[in-house]
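Could you use the hints to bring the two separately framed chains together as a complex?
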Amino acid sequence: MSTGIGERTVDGYATAKTTDQIMERLARAAQPDAVFGQPFERGDTVVIPCCEIALGMGAGGGTGTAQAAQKQETSVGGGMGGGGGARGRPVAAIVISRGTVRVEPIVDATKVAMAALTTTGFVGFWLLRLAGGTQMRMRMRPPWLARGMRMPLRMRPFRLARGRGMRMRLQPFRRPMTTTRTPAIARRFPAFRR
Amino acid sequence: MTSLRLNEVRESPIWRLDVEMTPVMHVARVTLPRGSFVWRRPVAIEVRQGDTVRRVRIPDATRRAQIGVILSELALGVLAASATRIYSQRRSRQ
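From first to last, the protein sequence lines stand for chains A and B.
When we follow the numbering used here, the leftmost residue of the first sequence carries the number 1, and every step to the right adds one.
When we follow the numbering used here, the leftmost residue of the second sequence carries the number 1, and every step to the right adds one.
Okay, chain B solo, but in the shape it has when bound (with noise of 0.2 angstroms):
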């Protein structure tokens, strides 16, 4: 009964200005006894110009800049305290 789903989903494309484009997304789906959660993220679309197809990613930049922002404190946060750590032992030696 429970379940997950992943899955990358391509929705009827859009015209619009001459331009034909296929929305990707990324579907996630958890499936539950009594319940059910749905996860959908735009992943990219895919650009028909005539004869030839591209893909443009579409980035998640306020995730990224989360990731970011926290990977990094807690690299200075650990460099810190081996910093400390190293300053009192010489002391301590001292």
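Just chain A, with the same shape it has in the complex (with noise of 0.2 angstroms):
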């Protein structure tokens, strides 16, 4: 349904009451009580959790005139939209218990083996490409090319180079691997040569 400036249909102000419900669901997510959560009783013992709360939003709009090419009239459009998100991590649980309260801090064991296994990998890869540039020279070479042959240029990789000190640079191939013998589209086709 089009709409004008200044007019306000009925589908406007549901889109207006849809996006004031969301921002204030989000905005209630990131409540101090949600923070420190409600406490719960078990007997002698209370325990109230903790946690960190992140929460986004943003929102946009606009307008624009369009005339069209056969009518002398000009009409006028707009949109809005916007999104957001919530998150919440548990970081710890405060026990009280006989008159002493403590802190027990919550480990989630997934992010912290994610975070490993992601930084293995990365150190790895770097470590591998630092101590077998020769041996993965010879691996990158596509197997349909025959020896001799002159590697295209575009499909040349690069390697990475020490530059001065631990500086790393990357650096294309220079010679291309090729054998003492020419093969046969070589000799017959002076672009495959070296």
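Incorrect hints may appear among the rest.
The calculated label-pair distances, taken between Cβ atoms and stated as ranges, are [as the list claims (entries may be wrong)]: (1) Ser92(B) x Glu104(A): 53 to 61 angstroms; (2) Gly37(A) x Tyr87(B): 40 to 48 angstroms; (3) Arg85(B) x Gly85(A): 41 to 49 angstroms; (4) Gly81(A) x Ser3(B): 20 to 28 angstroms.
Which residues of chain A face chain B? A partial, calculated answer using Cβ under 10 angstroms [unchecked claim]: (5) Asp33; (6) Cys50; (7) Gly77; (8) Ala92; (9) Val101; (10) Pro105; (11) Ala109; (12) Leu127.
Please keep in mind that the hints were generated in silico from the structure rather than gathered at the bench.
Positions of the beta carbon are idealized from the N, C-alpha and C atoms, including for glycine.
So, in structure tokens, the structure goes:
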């Protein structure tokens, strides 16, 4: 449904209402009550959960005019949209028992394992690149390329070369991998020669 | 219009089992022209028992473990790279 500026239709009100509801619900998720949760008692022990809360939201809108090719009148249109997200993570639990207060930290083993795996992969990749540059260069040669043929420039891989100190830089292969024997195609077509 | 606010907020005290506790949290708020971001993290609780007030910190064990794992692995990687380099240099001299 097209709406003019200053004119609010039923659909416009519905959209605004829905957006307000979403924003209100997201804002409620970031209230202090969500950080320090409701205490629950079991016998003479009280436990209060503590969570870290992150909330983000954004909205945007705009209007524009367009003139139809056949008509003289100018039509005006507009639109709006918004989005947001909230995230909570348990951090610790406060335990009150027999007059003493202690904090029990909560460890999310999955997050720690994911961090460890990601870092291991990253470090392992760079170590392999650093240690086995020559072997990787041999392996990166396409199998369909006959020995003695010149590797197309576009397909020549880059390798990591040591710069000054520990600095690394990307360096293209200067010499294509060749053997002493020149294949028949290279003898016939000069483009394939080195 | 764009602003960043960082502050420590004390909430209303909680009474449970003759213990008065005041939750303390860090709040970071980023306000943008068409959006906002809020981050709340529990920092400590202030426990009042009688006349004494004790501050009990709330450690973020998951975050500490993540940072520790990442830093130790990066340090190991740097050490391994240095060792590889020294080894290859010695080998090329021979």
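Satisfaction of the hinted span 53 to 61 angstroms by the C-beta atoms belonging to Ser92(B) and Glu104(A): Once the Cβ atoms are compared, 55 angstroms apart, the range 53 to 61 angstroms for Glu104(A) and Ser92(B) holds.
Supplied contact hint for Cys50(A), tested at 10 angstroms Cβ to chain B: Since chain B brings a Cβ to about 4 angstroms from Cys50(A), closer than 10 angstroms, the hint holds.
Status of the given 20 to 28 angstroms range, CB of Ser3(B) versus CB of Gly81(A): Given about 24 angstroms between the Cβ atoms, the range holds.
When the least beta-carbon distance from Ala109(A) to chain B is tested against 10 angstroms, hint result: holds (9 angstroms)
Whether the CB-CB distance between Gly37(A) and Tyr87(B) falls inside 40 to 48 angstroms: Hint violated: Cβ distance 54 angstroms, outside 40 to 48 angstroms.
Hint check: 10 angstroms Cβ-Cβ cutoff, Leu127(A) to chain B: holds (6 angstroms)
Agreement of hint Gly77(A) with chain B interface, Cβ distance less than 10 angstroms: violated (20 angstroms)
Per-residue hint verdict: Val101(A), partner chain B, C-beta under 10 angstroms: holds (5 angstroms)
Interface restraint verdict for Asp33(A) against chain B (beta-carbon cut-off 10 angstroms): holds (9 angstroms)
Arg85(B) paired with Gly85(A), Cβ distance criterion 41 to 49 angstroms: Since Arg85(B) and Gly85(A) have Cβ atoms about 44 angstroms apart, the given range 41 to 49 angstroms holds.
Hint validity - Pro105(A) Cβ closer than 10 angstroms to any chain B Cβ: holds (4 angstroms)
Hint status (Cβ of Ala92(A) to nearest Cβ of chain B, threshold 10 angstroms): Where the cut-off is 10 angstroms and the nearest Cβ of chain B is about 5 angstroms from Ala92(A), the hint holds.
Of the numbered hints listed earlier, those contradicted by the structure are 2 and 7.
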